[in-house]
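Protein chains in written order, with full-length UniProt numbering: chain A, 1 to 486; chain B, 1 to 277.
By construction, these hints were calculated from the structure, which means they are not laboratory data. Worth double-checking, as some hints may not be accurate.
Restraint ranges, calculated between C-beta atoms of paired labels, are given here [stated by the list, open to error]: (1) A:I204 - B:G274: 52 to 60 Å; (2) B:A203 - A:L255: 54 to 62 Å; (3) B:N161 - A:G304: 53 to 61 Å; (4) A:R185 - B:G176: 39 to 47 Å; (5) A:L194 - B:H230: 48 to 56 Å; (6) A:S362 - B:N161: 32 to 40 Å; (7) A:G304 - B:E41: 34 to 42 Å.
All C-beta atoms, glycine included, are put in the ideal place defined by N, C-alpha and C.
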Amino acid sequence: MSLSALLFCLLLAAMVAFVIGFWRAKRLSPDNPRAVHSRPGYHGGYLALWTALPAILVLLVWSAVEPRFIQAEVESNLPAQVLEGSEGQIGLAMGVVRSVATGLERLTPAEVAAAKASPKEAQRLFESKGVVIATPPNAVVIASAEELNNIRHLSRLAKTAVAAFLAIFGFIFAFRKLSPNLRARNRVEQVVILALMAASSVAIMTTVGIVLSVLFESVEFFKHVSIIDFLTGTIWDPRFASAGDAGGQGQFGLLPLMWGTLYISIVALVVAVPIGLLAAIYMSEYAHPKVRATVKPALEMLAGIPTIVYGFFAVVTVGPFLNFVGSEIGLVIQPTSVLTAGIVMGIMIIPFVSSLSDDIISAIPNALREGSYGLGATQSETIKRVVLPAALPGIVGAILLAASRAIGETMIVVLAAGIAANLTLNPAESVTTITVKIVSQLTGDLEFNTPQTLVAFALGFTLFILTLGLNVYALYIVRKYREQYE
Amino acid sequence: MVDFSIEPGALNSSLAAPALPTGQPVDYKITARNVSVFYGEKQALFSVGIDIPDRSVMAFIGPSGCGKSTFLRCFNRMNDTIASARVKGEILVQGKNIYGPDVDPVQVRARVGMVFQKPNPFPKTIFENVAYGPRIHGLAKSKGDLEEIVVKSLQRAGLFNEVKDRLDGEGTGLSGGQQQRLCIARAIAVSPEVILMDEPCSALDPIATAKIEELIDELRENYCIVIVTHNMQQAARVSQRTAFFHLGYLVEEDTTDQIFMNPKDKRTQDYITGRFG
Ligand SMILES: Nc1ncnc2c1ncn2[C@@H]1O[C@H](COP(=O)(O)OP(=O)(O)O)[C@@H](O)[C@H]1O
Ligand SMILES: [Mg+2]
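Construct the complete structure from the given sequences, taking the supplied hints into account.
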């Protein structure tokens, strides 16, 4: 049976085991259900877990390591002249063998015989079954493929047998343990906790994996370009070395990109912080609960708009509009500029500021407001002098989180910021950002071995450090602030 | 203006207040007539009337939920901050109806200070906590003025000696009892005529409680104080008059001695002897 069919059967078996366990537990002490340590559902779960879990785990591990073993086995039987070739050639040969193996599965015995007789015929037959092979497969290749199929077949049989054995054995083992004293609940909950731990470690391991892979590629880049030049360089000019062009590898100065990133983020914050904060004050202090219940989700919906759509908005509406306004008042505002990207990005991060600040302001204990009202303060005095100062650390945290969003934002700046790596103070000119350059360095069909492509990882790592630092700091502030009121 | 209609179980206080020396006109700081409070549809207070003399302590006692806090919060229009609350009737503070059409609740609260159940100092320095009220009302002409008000208020609240070296320390860093005295100093700093206290000691330990009670006794010389308390001994210790509430009605109001030694109503008797509540 195939892996998915096996898993399906095991799940079915688990369900049956659950019902049996449930039923059995009910009968353990029919007169006095309290004499049974665990509720029937836990007995059912206990039986189901013992039935399915060991088999599933073994199956998964088996399926994960199986291809390597089979590959090694088939590879060792390849003709000597292939094995003498480079790693790439062996890989190529194995690829052909695998395709042929797939093709063979789809042929009738008569066709198999025909295929073995003539490589050309074999190629034609495979193609008619939807398997395209570059070179006509000779007898040696077909033999290897047959071997591959045989091993696979055997492995599958063995898997089925092992799974069946484990399921039956697990069931019998657990069934005999069912008794009023069995701590079924504790056992089942242990498994549940393990599952929860596994789920949370997936996220952490992934993060660690991503960081490590980016880090290694960055290290690779710094073998080509010195880290000092990268961090302090003011010129970004990563010439793509065309074939035969030995004239250097260009310049990889981070500063223009860093400046563009920060400049646009600052403009975004200048837009988002006042609007978001005022909206938060309105929602938490003045709005009727019903109004708040609609306005808040509506604002949060802004955060759900795909950023590429904001990008369109920037290019199609905001850019031309600013350009027009600029020409009316005698300023040259380029359609892609710091202003365009910053304003649109600011709109994008308004909900981050407003929603979080609203939560924080709402969390200020009402006792503080009453204390202020009790002294004859008006509502606006209370907000300005008591509520906002008390909420300030939390609001700063919210702003930092929004800033880290802005710094890592890609699509808006790709469309609206421009691609020229300028070091300029003029917000009407276009600049470029780290994210834009990562995109442009990696677009196309590339191999990751030149500084021109590897630099993307160094940029990514820089960005990661920047946003991670901001996030950690922001969360630290927000948490410290929370503790104050708990 | 005096309303003689008597609600079931409510004893009109103006008829049963023989405690003060007769012959002289009685100086009532607060006069409430026919005060009813609703939270949405639910009525929490039923046509309550009371007279509260100046320079004395009036205690509100009664089982939980009987409307003591609700009534207390009428005196500084604090109920206005609750959207669902509606107040009917009239309350005169120094002869002026604070529920009159031309009255701004914010001004009322500057005249009638309040101390809450849980100490609620602002997350500011001790100095700034006390200076808060004077600042928003512009009571101090100069920095020196402000400092004087703060120091005086802290002194009156009996806190100055304990905090004089750390006026710029956080108010929230004080102990519970100190925080409550800081809140009292904060209230005193705007020179109110009345101080309302809603179970000011319920979150404090016995020693801190004793200090606050002592303080209340001193403040009585200058202010009209209304205190809600769950603690009968406290009412007996600090107050001159006591009002007993039950299920939203004012059952009985009299001198504290009278209420505790010789209550007229069966429900008051039951309550102070601990039979319910
Ligand atoms: N904000 C409010 N909204 C609705 N009902 C309230 C509110 N505050 C108090 N109440 C109700 O009013 C009644 C009196 O409450 P309260 O004055 O707090 O009683 P006490 O202070 O004597 O314990 C209670 O039944 C209470 O449930
Ligand atoms: Mg109360």
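CB-CB spacing for N161 (chain B) and S362 (chain A) relative to the 32 to 40 Å hint: holds, 39 Å
48 to 56 Å as the expected CB spacing between H230 (chain B) and L194 (chain A), which holds or is violated: holds, 50 Å
Distance restraint evaluation - I204 (chain A), G274 (chain B), Cβ atoms, bounds 52 to 60 Å: About 59 Å separates the Cβ atoms of I204 (chain A) and G274 (chain B), which means 52 to 60 Å holds.
Cβ distance range 54 to 62 Å for A203 (chain B) and L255 (chain A), holds or violated: Check passed, 57 Å falls within 54 to 62 Å.
53 to 61 Å as the expected CB spacing between G304 (chain A) and N161 (chain B), which holds or is violated: holds, 58 Å
CB-CB spacing for G176 (chain B) and R185 (chain A) relative to the 39 to 47 Å hint: holds, 43 Å
Assessment of proposed distance window 34 to 42 Å (beta carbons of G304 (chain A), E41 (chain B)): holds, 39 Å
Comparing the model with each numbered hint stated earlier shows that all of them hold.
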